[in-house]
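A.B. asks: These are the residues of each chain, in order.
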Amino acid sequence: MCIMVARSRLPSKFDGESPSVGRCNREEPMPKLTIDGKEIEVAPGSTVLQACEEAGAEIPRFCYHERLSIAGNCRMCLVEMERSPKPIASCAMPAGDGMVIHTNTPQVKKAREGVLEFLLINHPLDCPICDQGGECDLQDETMAYGRGKNRFDENKRAVTEKNMGPLVKTIMTRCIHCTRCIRFSEEVAGTTELGAIYRGENMQITTFLEQAMESELQGNVIDLCPVGALTSKPYAFNARPWELAKTESIDVMDAVGSNIRIDTRGRQVMRILPRNHDDVNEEWISDKTRFAYDGLLKSRLDRPYVKKDGTLVEASWVEAFAAINTGLAGLDGTQIAGLVGDLNELEGMYAFRELLKGLGATRIEARQSGAAYDVSNRASYLFNSGIAGIEEADFCLLVGTNPRHEATIVNARILKSTRHRGLKVSNIGPAHDLTYPVEQAGDDAAILADILAGKHSLADRLQAAKRPMIIVGEGALARQDGAHILKAVHDIAETFGLITEDWNGFNVLPTAASRVGALDLGLVAPGGVRGILDDAKAGTVKAAFLLGVDEIDSSALQDCFTVYIGSHGDHGVRHADVVLPAAAYTEKSGLYINMEGRVQMGERANFPPGDAREDWTIFRALSDVLGKTLPFDSFDALRAALYKELPHLMDIDSLPKAAWGDFGEPGDIARGPIALPIHDFYQTNPIARASDTMAECSALKRSKGEATGTHG
Amino acid sequence: MGTSLFTARHGKRVGEDEQGNVYYLAKDGKRRWVIYNGVADASRVPPQWHRWLHRTTDDLPEEQAITPKPWEKPHLPNLTGTQEAYRPAGSLHSGGKRPAATGDYEAWTP
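Line by line, the protein sequences are chains F and C. Sequential numbering of the first sequence, starting at 1, is according to our numbering. Sequential numbering of the second sequence, starting at 713, is according to our numbering.
Mixed in with the good hints, there may be bad ones.
[Claimed, not checked] EDC-like cross-link-like pairs, simulated, lysine to aspartate or glutamate; straight-line CA separation at most 16 Å: (1) F:K298 / C:E818; (2) F:K298 / C:D816; (3) F:K109 / F:E135; (4) F:K657 / F:D279; (5) F:K357 / F:D624; (6) F:K466 / F:E391.
[Unchecked claim] If the Cβ cut is set under 8 Å, some of the chain F residues that face chain C in the computed set are: (7) L312; (8) G527; (9) G531.
Honestly, the hints are just simulated from the structure, not real lab data. Every value quoted in this text rests on a predicted model; they were computed, and no experiment measured them. We treat Cβ as the ideally placed atom computed from N, Cα and C, and that holds for glycine.
The shape of chain C in the complex, shown without the other chains (with noise of 0.2 Å):
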């Protein structure tokens, strides 16, 4: 609430990244910051993004001379405590399926 009523008062809305987070400079231009678009997790900033929030340059991504290479993925949140969280192959939340271990033999069946 407080947020948004300073980001009305002084912000100046300069761009949204493709996950539809909002960036604001504040009018003096001392100021930058960001209204998520969903939960407020910082890790949601893209890296184009981070660098004009964290102040390494002064250029908008879209001003920024920088072309993904191709074997770039796109930006993700970190997953860590999700569902989607990587896990080891093994893990007992990826199916309980341990990797072959010394001392592991095939029974015979019949």
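Same shape as in the complex, but just chain F (with noise of 0.2 Å):
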């Protein structure tokens, strides 16, 4: 048996990301070719292809992805090239100057209507039942490079199915071998799980020995397929593309804000899909984006609760205000607390905040973690340099955190720099399989003091390295001495050099999708989340109001008036004396505020169930009732209240630089281990939680890790 794992064919210089058309590079000069009789002048390192594409000649290809190495395998992008004999694989062949290609003439039709016959020799004709039908890329080219009818008289070729794992669905008969599949899983995914057996025709691609994936961005695979071959298996059989509705909007389920499409039939979310954006995922999302949708219709609040002798019962709504109002009757400010969760947008938050404000609450508290953000200064808590900018660092210190789980994407963008720009990483904190080679400096945050003081080796690493950066995670700032780890890397950052003129070093990476809104916001109380619920535990905060706070110990809240509202019945619930449902993610519009501070606007794609509600509109109804009414009777002058607070916030996708200052509390820094945010990166939050799939996806890693229990 032959294994060969595909690879780019090529020389080095355009093994990796392919060269873009206009980074422009002043010291070579830049080619000028002739493309169908129009002159036209291209970055040098080009491709053919490329330069096509700038002329405005449409190339058809299945191999070819902008974001994956070239492999010039499925020979569909033949261009006529003069003074060549033969058709050249554009996608594979530089660009020179003087080059005169002709894509449009009758050779090009016939070379590529030769290399479609080929193609279809082996692929199956069951475009009816397939998943990818009406989105193939090979359907659409048949439709224009296609033969009438069939010369093949032999069988097709039969390929048995693989099995990837609970996400990924292979018919690996529809297989055309244009290895985009392992390409990415190398380069992107950095883990090498997919690879091709035999060869030619008979050439199959696998798992090693069969095993599921276990990459957190296995789902793109079924993006990149331009066939049916890999297709999503919670999906399957479920809609046809022509039929759904499609809303762009933003993902939740991490900091990154990575940019989707929910894809809706009805009422339902039928899958979601990533959009386009170079700066945040590039077109990458991560599993848990992707298939955490069907949790959003499993333990949905439906109806408001109000609990009586000890057990919650259906309500009304009023029933429930009035419940709110007594429970509220005789306590003052100081007494009623409010937190705020994860998943929530900037117009809900707002809406929250002054509702509580009206009542007098001083302690509204958002740092769900514990995680010591401080929110005199912006910087302090975004991701400085921005996700595009990991690419201009070339060293990267980690301190407390496992980017792999807490923002899947920016470890494929960490991984895509150490691979292509030579970024080095080191880490301090526990040691883990983060898919790209990692200098462990040991788990004790004290080492962050011994940099200061300029004892540890990684000081000189940090001082030698030209655009250093650190990325401080939740795990280290929700220590007991988070603020003094804040203040450390703090005057690291000064110290080493990672704050100049055009680049900011200092990155902090949060790990909830509503956590830079709501500090922009200001929802933070001295003492945090922890004072909070010491003080319900004494009794001197009488009443706590959480908006989808689910990832705390709610057991503390047990002799308090408790409103949770919220979208799914999860831990927040359990002590809750009012539940209040409300809408998820996908069901209500909203900004919010990723990690390095770009404000993005998602749009709601389907209604909430029964009687839940838009968070904003629950806010509004309920200051009505306790007789502090909100001013704002809509969603636009609930945004334009917003927008007079932040006015950053109408700067739509935008990335303003944040103003250096000071912040943190100095002080020592205990010796001793830092403990991650998340243990389990499938079920970080309650649609994960309520999603069968990411159940699976969980109990899969679980056992994969008991079985061998020798990996990190």
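Join the two chains, each given in its own frame, into one complex according to the hints.
C.D. replies: Shown next as structure tokens:
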């Protein structure tokens, strides 16, 4: 048996990231080509295919992908070049000065027809039952280049199905050997899980020993596959692309703010796909983003509940509001606390804050993980370098974070940078397989103090680097001495040249989509969540409002009058006295600020179930009952009020630099390991916990950990 | 009444099916008919007798060399309109439980 892994056949210059048109390198001259009689100059290092695209000529392709290395094995992109005896594969041919290219001659058409006929020899004619039908590259190209009939009388090749786990469904007979999935898993996901066995017509894409894939980015191979060989298992046979309503929105599973497209049919979210955003998620999304949508149909809160004689019973909105009114009677502001969860949009949090401020509450807290964010300076809680900025860095120090779980897309960016830009990564904190080489400095937060004192070898590394960056995770900031760690990293950033005119290497990696937005709204209280819970136990906090708060130990709120507002019945409702059903993230429009401080807008894709309402309407209605009417009657009026307070929200999708300043608390850092915030990537929020798909992935991961027991 | 008189005068009994329907052939061999055991419903005639009755064959069922296949079910009359009529899953008459549809969700209960 011959095992081979498809690799680029081109010289190393073209290995890895394909050169992009437009990025101009001044040292080399720009090659000038003639394409279909049109003269065009392209950036040096471009391929003929890119030059043709630039000139407006569309080239069919299966194996070529902008974000993957060049394979040149589908041969669909053939074009005619003058003084060349044969058509050339444009994706693999570097653009040279003086080339004369034709893309629309009869010879080109004939060549492409021939290639397509060969591809179709072994491709089954099962488009009517294929999930890719309607969005299939091979279908589209066959419309353009397919011959009307089949001249091949032999039997078609049949390939056995492969097991790739609970997310990716395989119908390998449909595979056309473009090797995009192999290149993706090696280059973007960083887990060399996919490979090819046998050769020629008999080549088969498979995972090693048919194990399930483990990457958190594996769902992207479904999008990459130009045919229906790799399709989505949870979505299998559920819908056709043309019957889905497509809504552009923003993901809330982590703080990356991945751009997504929500496909709905009627009231139900059928699938979630990525949208391209070069500075955020490129065109990848994590599996949690892509597959957690079935959690939107499970354990939903669809009517208000009020606790009577120790149990929650169904109630109407009027009864629920009346219960809140009686529950709050006689309490003053200092006895009321508000907690904000991980998945909320800005509008809901703003209305929540205004409502509680109207009640006189002073303690509104959004740092659910307990991280010691300092809101006095915006730079102290942002990913200041920007996600795209990772590619400019040459040294990266991770402090108490596992980006693979906390922000999978950021981890993919770091991997890309290590592969193509020579980024070196060191880690302070527990060791993990981050899919790229990491130099382990030790699991001890006090190393930061050593670096600051110049006593650690990492100090020299930071000093020597041209563009160093530090990524601090919530694991480090959630320690008792989190504020001291923040200060230490701040000082390291200043001492070792992480802060320059055009570079800010100080980065914080929040784990929740609503975190940065909530901090922009100033939702912090002295003492943090711990303080509020302790006071609730002690009895000084008598009423608590939980806005989608499910990651805390709610047993502390047992004796306290608790109102839970959220979409799912999860940990938060356990000790609630009143439960108000709210919309989940696909069911409301809203602004989100991602970890970089980028404001993005999500659109509503479907409607909340039953009696559930959008968050801000709940607070507006409740404020009326409590006699502290909020000054907005419509979503637009709410946004206007929000814009007035935070004018930077109006700059959708821009990335303003946060001004540098002083933050954190000077103090000693205790020696000792750092605990990471995420133990199970697939179970981090109520939606993911409600999802069967995520539960399956989580169980698989756990069983693998037990089975081998030796890997990290 | 008229039929039974006619049957008594001209009919020759040729057989009976498992439901008790009795089949007659006219003495001159020109007519074939059935007297139902119960409700007169043409769909009660089983296929073997149906062939004979409609002159597809002159052989009586016991003479026909057709052995029923193991997967063949016994003949049933048309049940449309009766209590035993087929109801698709989700019909209001069969419990009123409709199948899962787009947009269904599981509500949380305390």
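A.B. asks: For this structure, which hints from the list above don't hold up?
C.D. replies: 3, 8, 9
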